[in-house]
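Trainee: Since the structure of chain G is provided, determine the placement of chain H on it from the hints.
Heads up: the protein sequence lines correspond to chains G and H, in order.
Going by the working numbering, the first sequence runs without a break in its numbering and finishes at 339.
Going by the working numbering, the second sequence runs without a break in its numbering and finishes at 339.
Any given hint could turn out to be false.
Identical copies carry no separate label here, and so any pair may be met within one copy or between two of them.
[Unchecked claim] Below, computed lysine-lysine pairings styled on DSS-like, alpha-carbon distance capped at 25 Å:
#: 1; residue 1: Lys248; residue 2: Lys296
#: 2; residue 1: Lys218; residue 2: Lys75
#: 3; residue 1: Lys157; residue 2: Lys64
#: 4; residue 1: Lys69; residue 2: Lys6
#: 5; residue 1: Lys68; residue 2: Lys6
#: 6; residue 1: Lys14; residue 2: Lys64
#: 7; residue 1: Lys257; residue 2: Lys297
#: 8; residue 1: Lys302; residue 2: Lys14
#: 9; residue 1: Lys218; residue 2: Lys318
#: 10; residue 1: Lys75; residue 2: Lys6
#: 11; residue 1: Lys6; residue 2: Lys64
#: 12; residue 1: Lys6; residue 2: Lys248
#: 13; residue 1: Lys297; residue 2: Lys318
#: 14; residue 1: Lys296; residue 2: Lys64
#: 15; residue 1: Lys218; residue 2: Lys296
#: 16; residue 1: Lys68; residue 2: Lys257
#: 17; residue 1: Lys297; residue 2: Lys14
#: 18; residue 1: Lys157; residue 2: Lys14
Note that these hints are calculated values from the structure, not bench results.
2 protein chains.
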Amino acid sequence: MMLSGKSTWLFPNKPKIISTGVIGGPFEADSNLSKDFDYFKDDLWMEQASFEKAQQLLLEDASKLAVKKAQINEKDINLFISGDLMNQITPTTFAAKMLQHPYLGIFSACATTTEGLALAALITNNHSGKYILTGAASHHAATERQYRYPTEYGGQKPPTSQWTVTGAGCAIVSTEGEGPVVTSATLGKVIDMEMTDPFHMGGAMAPAAVDTILTHFKDQNIDASYYDLIITGDLGKIGSSICFDLLKQRGLHLQRKQYEDCGAMIYKESQPVFSGGSGAACPAVVTYGYLVNEMKKQTYNKILIVATGALHSPLTVKQGDSIPCIAHAISLENEGDQE
Amino acid sequence: MMLSGKSTWLFPNKPKIISTGVIGGPFEADSNLSKDFDYFKDDLWMEQASFEKAQQLLLEDASKLAVKKAQINEKDINLFISGDLMNQITPTTFAAKMLQHPYLGIFSACATTTEGLALAALITNNHSGKYILTGAASHHAATERQYRYPTEYGGQKPPTSQWTVTGAGCAIVSTEGEGPVVTSATLGKVIDMEMTDPFHMGGAMAPAAVDTILTHFKDQNIDASYYDLIITGDLGKIGSSICFDLLKQRGLHLQRKQYEDCGAMIYKESQPVFSGGSGAACPAVVTYGYLVNEMKKQTYNKILIVATGALHSPLTVKQGDSIPCIAHAISLENEGDQE
Numbered sequence: 001m002m003l004s005g006k007s008t009w010l011f012p013n014k015p016k017i018i019s020t021g022v023i024g025g026p027f028e029a030d031s032n033l034s035k036d037f038d039y040f041k042d043d044l045w046m047e048q049a050s051f052e053k054a055q056q057l058l059l060e061d062a063s064k065l066a067v068k069k070a071q072i073n074e075k076d077i078n079l080f081i082s083g084d085l086m087n088q089i090t091p092t093t094f095a096a097k098m099l100q101h102p103y104l105g106i107f108s109a110c111a112t113t114t115e116g117l118a119l120a121a122l123i124t125n126n127h128s129g130k131y132i133l134t135g136a137a138s139h140h141a142a143t144e145r146q147y148r149y150p151t152e153y154g155g156q157k158p159p160t161s162q163w164t165v166t167g168a169g170c171a172i173v174s175t176e177g178e179g180p181v182v183t184s185a186t187l188g189k190v191i192d193m194e195m196t197d198p199f200h201m202g203g204a205m206a207p208a209a210v211d212t213i214l215t216h217f218k219d220q221n222i223d224a225s226y227y228d229l230i231i232t233g234d235l236g237k238i239g240s241s242i243c244f245d246l247l248k249q250r251g252l253h254l255q256r257k258q259y260e261d262c263g264a265m266i267y268k269e270s271q272p273v274f275s276g277g278s279g280a281a282c283p284a285v286v287t288y289g290y291l292v293n294e295m296k297k298q299t300y301n302k303i304l305i306v307a308t309g310a311l312h313s314p315l316t317v318k319q320g321d322s323i324p325c326i327a328h329a330i331s332l333e334n335e336g337d338q339e
Numbered sequence: 001m002m003l004s005g006k007s008t009w010l011f012p013n014k015p016k017i018i019s020t021g022v023i024g025g026p027f028e029a030d031s032n033l034s035k036d037f038d039y040f041k042d043d044l045w046m047e048q049a050s051f052e053k054a055q056q057l058l059l060e061d062a063s064k065l066a067v068k069k070a071q072i073n074e075k076d077i078n079l080f081i082s083g084d085l086m087n088q089i090t091p092t093t094f095a096a097k098m099l100q101h102p103y104l105g106i107f108s109a110c111a112t113t114t115e116g117l118a119l120a121a122l123i124t125n126n127h128s129g130k131y132i133l134t135g136a137a138s139h140h141a142a143t144e145r146q147y148r149y150p151t152e153y154g155g156q157k158p159p160t161s162q163w164t165v166t167g168a169g170c171a172i173v174s175t176e177g178e179g180p181v182v183t184s185a186t187l188g189k190v191i192d193m194e195m196t197d198p199f200h201m202g203g204a205m206a207p208a209a210v211d212t213i214l215t216h217f218k219d220q221n222i223d224a225s226y227y228d229l230i231i232t233g234d235l236g237k238i239g240s241s242i243c244f245d246l247l248k249q250r251g252l253h254l255q256r257k258q259y260e261d262c263g264a265m266i267y268k269e270s271q272p273v274f275s276g277g278s279g280a281a282c283p284a285v286v287t288y289g290y291l292v293n294e295m296k297k298q299t300y301n302k303i304l305i306v307a308t309g310a311l312h313s314p315l316t317v318k319q320g321d322s323i324p325c326i327a328h329a330i331s332l333e334n335e336g337d338q339e
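Chain G on its own, in the form it takes in the complex:
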């Protein structure tokens, strides 16, 4: 079986991230990771008629850029796998309409990046496609409209709230070419600690990240020293601190420098983002920008990326439901460093 434990997929045929496209908005141009974006859009509208269409454009442009940087043709792409936070994932669908690749829509909120990367790796590992395009986008203002409307003038947010990243990160996965190797994927279960505060999603999602990380270590029968870095998706400063403590409580003793969070690291202290970044683009731009770059520099040779998603809707919150969460993990390893 190309399976370890119950839910960790193995990819012995070495699918790799052979190319990426990473675009941000104006706010991201001032972030900690600004050097890891290919370029930035100058304003939130991006000459589009709506914020949703701006999000669509980000995804289209990041996709085309990944194809261009891979030095392949658009028609070489076998499949496009993507999704987003918006109702019926319409920005992604309209991008897929423009790109005209065969298309699989997925939904796991901010865990979209690792769900898509897991599927892309599986497909290429099974020789069911040569070049798979995957990625995710989000847009601060489109997300605010859907989840937080009406956004009142002067309305305050609690310190646990997070800032949706405006951007898109895309990758091309193939067994041919060079780049970080996708060695395994651990698919998470829905974990729901009965939290009900949509302004504290980092806290709601932390237990899902912990569950998937522990499952991954158990399935793979490895210890805490295996990875140079374990990085969660968008728990933010508060959520990632909870995650680190929970992992320790549950027996996984990481060194502090072994653990990061995309949402906690992306913005500067001086940016007014409360607990940090979030959104489907958050793990997408950090993974396909910063992490891929640092792996190429061999700052890190073995990384576990654990994107997390809060799977509630405005309707379920109004109906009094708790916030169900999920996390999917992907291990990336430089060739020569795989055991």
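Mentor: Just chain H, lined up with the frame of chain G:
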């Protein structure tokens, strides 16, 4: 490559539909296909606090039934793949929370059944899971609330409109066991003929079905006589008539008895469903109920199932966008009848 053409996955390791669970609502108990459901819920509320929770219950119950009928344990399931029409696919997510299997959320509206079945077949073909659970549910009243609210008292619908099926159909896919073999999957592109009427989704989706069917025949290099039956998802009476004519125009001459549509066949003439059934459950209950049963009786030995999805949202309709559509095709063949 386990690929034919650009986007038709091949499954030489013979993943099979080894078990199904099919549940309907009270309206479906009076349908043409009532004998192909395992059982029916007596009312739309199903003792739940909301229609969305009733939809969740349908999916949970159909999933558990498929596991029970396969004579395996819940813990034997490696992965649950599902999605639905609701914002952020929350009924599916809350079902996944109760089932506690590793979970991949997908979104392709009423094409969810074939997207899920394609992925389940790929995963088992790649030996990345022994038992994969997949399926889809929809609920008439939950869908009306989201897409057609306010549903006015006495408000009339045009004859092109369709009736969302209340029900759930689930299947367990495995390379071990007996049942119809999933031999290939053709993944569709987004096709958008710039139609803007959300009360004529059959017409909007028909060209997507046509595109995927023609791609499948080209990729597989087969002719119209290959399949005993080609069945589209939920085009309804009007949309399926358009599809049949378009296929003929484009050079695929099917005999009338070779072509059906889940939405056109599910309800009786006497039921007030306008152009027919729709919803994510429509192709799910017809595929995992009627079609699997008829294949077991060898009424059909080779079927191409082409579930179709209209990927718009209420927001994109209000913003004046057209209705982007998709279709994913799955070929099911009885063992001994594969060429």
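Trainee: With reference to the structure, classify each hint as holding or not holding.
Mentor: The hints, checked one at a time:
In the homo-oligomer, the alpha carbons of Lys248 and Lys296 never lie at most 25 Å apart, since the shortest distance is 30 Å inside one protomer and 53 Å across protomers. For a Cα distance limit of 25 Å, the shortest separation of Lys218 from Lys75 across copies, 17 Å, qualifies, whereas the shortest one inside one copy, 40 Å, does not. In this homomeric assembly, Lys157 and Lys64 never come within 25 Å of each other (Cα to Cα): the closest approach is 36 Å inside a single copy and 42 Å across copies. Only between protomers do Lys69 and Lys6 lie at most 25 Å apart by alpha-carbon distance; the minimum there is 21 Å, versus 36 Å within a single protomer.
Within a single copy, Lys68 and Lys6 get their C-alpha atoms only as close as 38 Å, which misses the 25 Å cut-off; across copies the closest is 19 Å, which meets it. When the C-alpha separation of Lys14 and Lys64 is checked against a cutoff of 25 Å, the pair qualifies only within one copy, where the shortest distance is 24 Å, while the shortest distance between copies is 36 Å. Taking CA atoms no more than 25 Å apart as the test, Lys257 paired with Lys297 passes inside one copy only; the shortest distance there is 18 Å, against 62 Å between copies. In this homomeric assembly, Lys302 and Lys14 come within 25 Å of each other (Cα to Cα) only inside a single copy, at 14 Å, whereas the closest approach across copies is 35 Å.
Neither within a single protomer nor between protomers do Lys218 and Lys318 lie at most 25 Å apart by alpha-carbon distance, with minima of 37 Å and 49 Å respectively. Within a single copy, Lys75 and Lys6 get their C-alpha atoms only as close as 36 Å, which misses the 25 Å cut-off; across copies the closest is 9 Å, which meets it. In this assembly of identical chains, Lys6 and Lys64 lie within 25 Å of each other by CA distance solely across copies; the values are 18 Å between and 36 Å within a copy. In this assembly of identical chains, Lys6 and Lys248 lie within 25 Å of each other by CA distance solely inside one copy; the values are 23 Å within and 47 Å between copies.
In this assembly of identical chains, the alpha carbons of Lys297 and Lys318 never lie at most 25 Å apart, being 47 Å within a copy and 48 Å across copies at closest. Proximity of Lys296 to Lys64 under the C-alpha cut-off of 25 Å is restricted to the intra-copy arrangement: shortest distance 22 Å within a copy versus 46 Å between copies. Proximity of Lys218 to Lys296 under the C-alpha cut-off of 25 Å is found in neither arrangement, the shortest distances being 28 Å within a copy and 41 Å between copies. Proximity of Lys68 and Lys257 under a CA criterion of 25 Å is satisfied in neither setting, with 35 Å inside one chain copy and 47 Å between copies.
In this assembly of identical chains, Lys297 and Lys14 lie within 25 Å of each other by CA distance solely inside one copy; the values are 20 Å within and 43 Å between copies. Taking the shortest Cα distances, Lys157 and Lys14 never come within 25 Å of each other, neither inside one copy (44 Å) nor across copies (53 Å).
Violated hints, in rising order: 1, 3, 9, 13, 15, 16, 18; the structure is consistent with all others.
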